[in-house]
Amino acid sequence: TDPPLYEWWALLPPPLDVVVGLRQVHFLSEYWRVKRGYPKENDVVADELFPFISMKERFTLKQFFRRPKYWFWFTKDWDDFKDIPFLQD
Numbered sequence: 003t004d005p006p007l008y009e010w011w012a013l014l015p016p017p018l019d020v021v022v023g024l025r026q027v028h029f030l031s032e033y034w035r036v037k038r039g040y041p042k043e044n045d046v047v048a049d050e051l052f053p054f055i056s057m058k059e060r061f062t063l064k065q066f067f068r069r070p071k072y073w074f075w076f077t078k079d080w081d082d083f084k085d086i087p088f089l090q091d
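According to my numbering, the sequence shown is numbered sequentially starting from 3.
Quick caveat, the hints were computed from the structure, so don't treat them as lab data. Mixed in with the good hints there might be a few duds.
Unchecked claim - DSSO-like mimics (lysine-lysine), calculated; alpha carbons at most 27 Å apart, straight line: (1) Lys71 / Lys58; (2) Lys42 / Lys64; (3) Lys84 / Lys58; (4) Lys42 / Lys71; (5) Lys78 / Lys58; (6) Lys71 / Lys84.
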C-alpha cells in the first residue's frame with residue numbers, strides 16, 4: 003500500500019511540520035505494534051482528539067485545510083470548506 007505520508011510534508015515550517023511528525027510517530031508505533039503482535043488499544047489522542055493523526059488516507063495540504071472535521075475533536079461536526087477557490091484541487 004501507499005505510505006501514509008507525502009515526503010514533502012516534512013519540508014513545511016512549524017506548526018505544519020507537527021502534522022507530519024505526529025503522523026510518523028503514530029504509524030511507526032502501529033507498525034511495531036503489529037510486528038510484535040501486541041493487541042490494538044484505544045489511542046485517545048490519535049483517534050478522538052486529533053483524528054488527522056490516525057487517518058489511513060493520504061492527503062495533500064489543500065485537502066487537510068479543506069476538511070476541518072479531521073483537525074480536532076471540537077471541529078468534527080464542521081462541514082468541509084467547499085466554496086473556497088484556493089482550497090480546490
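Hints, one by one, checked against the model:
1. Only pairs whose Cα atoms come within 27 Å are accepted, and Lys71 paired with Lys58 is accepted, the gap being roughly 15 Å.
2. For the given pair, Lys42 sits about 31 Å from Lys64 by alpha-carbon distance, which is inconsistent with the 27 Å threshold.
3. With a CA separation close to 22 Å, the supplied pair Lys84 and Lys58 stays within the 27 Å bound.
4. With a CA separation close to 24 Å, the supplied pair Lys42 and Lys71 stays within the 27 Å bound.
5. Taken as a hint, the Lys78 and Lys58 pair is honoured in the structure, with Cα atoms around 17 Å apart against an allowance of 27 Å.
6. For a cut-off of 27 Å, the pair hint linking Lys71 to Lys84 stands: about 13 Å separates their Cα positions.
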